[in-house]
Amino acid sequence: MLWFEREVVGALIESPDQPLRSAVESFVDGSLRDMPEHLRAGVAAESVLLGTYTAALRRAGRLPRGDPRALVARLEGWETSPIGVLRSYVRLMKSLVVFAENELAPAGAA
Amino acid sequence: MADLATDVLVVGSGAGGAITAAALAAAGRTVTVLEEGPWVDADALDPFSLDEMVAKYRHHGLAAALGTPAIAYAEGRCVGGSTEINSGLYHRLPDHLADEWRSTYAIEEFSPEALGRYADRVEHDLSVASLPGAPPPSSAALERGATKLGWRNVEFARVFSYDRQGRGTKQTMSRTMLPKATAAGATIIPDCRVLRLVRHGDRIVGARCRRTHPGGGVERLVVRADHVFVCGGAIHSPALLQRSGIRRNIGNGLKMHPTIKIAARFPHPVDHGDVPTHRITEFSPFVAIGGSASRKGHVAMALADTGAPFGEALADWENISVYYAAIRSDGSGRVAALRGVRSPLVTYSLTEADLSRLARGLVHLGELLLAAGATELHPSVMGGTVVHRLDEMGAWWDQVTRARANLMTVHLTSTVRMGENRARTGADSFGRVWGYRNLRVNDGALIPDAPGVNPQAAIMAIATRNCDHFLAEQ
Chain A
1 MLWFEREVVG ALIESPDQPL RSAVESFVDG SLRDMPEHLR AGVAAESVLL
51 GTYTAALRRA GRLPRGDPRA LVARLEGWET SPIGVLRSYV RLMKSLVVFA
101 ENELAPAGAA
Chain B
1 MADLATDVLV VGSGAGGAIT AAALAAAGRT VTVLEEGPWV DADALDPFSL
51 DEMVAKYRHH GLAAALGTPA IAYAEGRCVG GSTEINSGLY HRLPDHLADE
101 WRSTYAIEEF SPEALGRYAD RVEHDLSVAS LPGAPPPSSA ALERGATKLG
151 WRNVEFARVF SYDRQGRGTK QTMSRTMLPK ATAAGATIIP DCRVLRLVRH
201 GDRIVGARCR RTHPGGGVER LVVRADHVFV CGGAIHSPAL LQRSGIRRNI
251 GNGLKMHPTI KIAARFPHPV DHGDVPTHRI TEFSPFVAIG GSASRKGHVA
301 MALADTGAPF GEALADWENI SVYYAAIRSD GSGRVAALRG VRSPLVTYSL
351 TEADLSRLAR GLVHLGELLL AAGATELHPS VMGGTVVHRL DEMGAWWDQV
401 TRARANLMTV HLTSTVRMGE NRARTGADSF GRVWGYRNLR VNDGALIPDA
451 PGVNPQAAIM AIATRNCDHF LAEQ
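Those protein sequences? They're chains A and B, same order as listed. No gaps in the numbering here: position 37 of the first sequence is 37 in this note's numbering, and each next residue is one more. No gaps in the numbering here: position 289 of the second sequence is 289 in this note's numbering, and each next residue is one more.
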């Protein structure tokens with residue numbers, strides 16, 4: 001995973017349980033690696049662009065540093081963007097995390 | 001570089017490939033099956049689980065046909081192919097489609113009666129059975145809603161065998177036709193990707209392959225063959241042919257059943273280990289309604305589709321099941337092998353009529369689920385209204401747009417259509433690729449159009465028919 005993808009995944013995981021967080025990250029990493037190359041290239045390019053944009057927002061003081069909730073709020077905004085590839089990017093990352101977190105959580109965990 | 005020789009080479013071990021291997025090996029031919037994916041014990045993993053996705057799905061299930069919107073699709077990539085991961089639902093090709101396709105594509109020996117005879121054989125060989133006893137709650141909900149609304153519905157048979165206690169075992173290819181093939185002398189080589197076929201004039205003389213060994217070593221392999229059957233499915237069969245320089249009417253005309261979903265919350269627990277077997281046929285062939293895998297992860301993903309907070313609903317996930325409306329699409333797509341890239345580019349264009357049909361399917365599905373007693377419906381539409389009452393559902397008509405609908409499919413067909421109409425087909429009536437004497441396709445790629453029902457039964461019947469024709473020709 002690229003650094004921004006790791007940050008997005010970390011922000012989207014809700015559980016504080018470290019082994020579960022690591023397992024979800026590992027699943028998402030494996031899934032992204034296994035994507036068709038042209039789709040992976042597109043996702044990687046978006047990650048670089050969005051990561052750069054996010055860093056610029058932080059430098060400008062428009063996005064708090066070290067606050068996963070602020071990044072999640074930004075992702076939610078992108079999820080309804082008129083730009084299709086941006087919507088798809090957020091849906092992809094969110095689907096992977098939501099699926100893995102709920103499948104990998106121990107039975108009975110909230 | 002290792003070298004093998006065989007009479008018949010079968011590329012792919014799913015519904016088409018396994019049936020081909022079993023039929024030809026039983027007839028005394030020397031058969032070698034090359035499967036790109038690994039061999040995975042059919043009993044080792046829970047159906048529809050994350051572990052199964054990792055082990056048996058191509059790309060972890062993360063493939064998509066590009067377009068507006070992109071449509072996610074899933075395929076198996078293991079010994080047994082997609083039969084190892086699907087729901088096993090079995091539906092014969094409707095007679096009117098056989099008649100229509102026979103006429104449109106000039107397909108020989110494609111009458112409903114002829115296909116019916118092959119379907120009889122498949123059903124005898126595989127064990128096709130209905131669920132014994134009462135349906136589980138998720139399936140009963142479909143039946144209950146349809147009965148209240150006066151809609152036609154059926155409980156589909158599945159490629160399953162059931163023991164006296166009613167426990168079902170899916171009759172996947174790794175449990176059925178592939179063991180038959182090996183018992184008759186066929187060789188199955190897993191973890192072996194065919195890079196390209198080797199052409200010589202109007203014949204294919206072999207295949208160049210890359211085999212990965214369990215320890216991680218990689219070996220180049222050349223398999224020489226007298227006859228080649230490509231059975232990699234509607235995406236990978238045309239991609240292999242294109243990589244091999246065979247392109248005429250190959251890869252265009254991709255068809256699918258675009259599918260939209262609802263996560264439905266009931267006031268009582270529903271089952272989550274399997275998929276519902278009831279289907280609503282009231283709107284066939286253009287809209288089919290049924291149920292999907294509904295493990296906790298699937299429920300969470302479906303709830304997340306609206307973009308609204310879903311924590312409260314997810315806490316009640318044991319009362320939630322996921323259902324779908326699938327359409328017969330007027331749109332079409334393409335599969336294109338790209339030079340130097342392992343995966344083909346897949347595109348699909350939905351028409352405006354398709355979008356309208358998806359909206360209609362979503363609304364019908366919502367009506368049905370409310371009639372069945374659901375109390376809350378979450379559509380797979382970004383910003384879609386979470387519905388509790390019938391009068392709230394009107395909003396969905398305007399919300400199913402290219403920008404907001406979240407679509408997927410598991411049925412892909414029609415990229416090497418069969419028939420004698422050479423302008424519209426890539427192979428003859430029995431799967432022989434035009435221009436090549438000993439190259440055949442024998443899988444879902446041959447089916448000329450999306451059938452509006454699960455295509456597995458049609459794939460199996462047509463594959464059986466084509467093998468008979470091949471053997472009669474020799």
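Fair warning: there could be bad hints in the mix.
[As the list claims (entries may be wrong)] Far from chain A by the CB rule (all over 10 Å, computed), these chain B residues: (1) Ser49; (2) His59; (3) His91; (4) Ser103; (5) Leu131; (6) His227; (7) Gly273; (8) Glu367; (9) Asp398.
[Claimed, not checked] If we take Cβ atoms under 10 Å as the criterion, some of the chain B residues that face chain A in the derived model are: (10) Arg295; (11) Ala304; (12) Asp305; (13) Leu314; (14) Tyr436; (15) Arg437.
It should be emphasised that the hints constitute simulated quantities derived from the structure, not laboratory data. C-beta: ideal position from N, C-alpha, C; glycine also.
Now the hints, each set against the structure:
1. Ser49: With a cut-off of 10 Å, Ser49 of chain B comes too close to chain A, as the shortest Cβ separation is near 7 Å.
2. His59: Violated: least Cβ distance 5 Å, not greater than 10 Å.
3. His91: holds, 28 Å
4. Ser103: holds, 37 Å
5. Leu131: Consistent with the label, Leu131 of chain B stays out of reach of chain A, its closest Cβ about 25 Å off (over 10 Å).
6. His227: holds, 30 Å
7. Gly273: holds, 13 Å
8. Glu367: Nearest chain A Cβ is 27 Å from Glu367 of chain B, so the label holds.
9. Asp398: holds, 15 Å
10. Arg295: holds, 7 Å
11. Ala304: holds, 5 Å
12. Asp305: holds, 8 Å
13. Leu314: holds, 8 Å
14. Tyr436: violated, 28 Å
15. Arg437: It is violated, given that the least Cβ distance between Arg437 of chain B and chain A is near 33 Å, above 10 Å.
Hint check: violations occur at hints 1, 2, 14 and 15; the rest are consistent with the structure.
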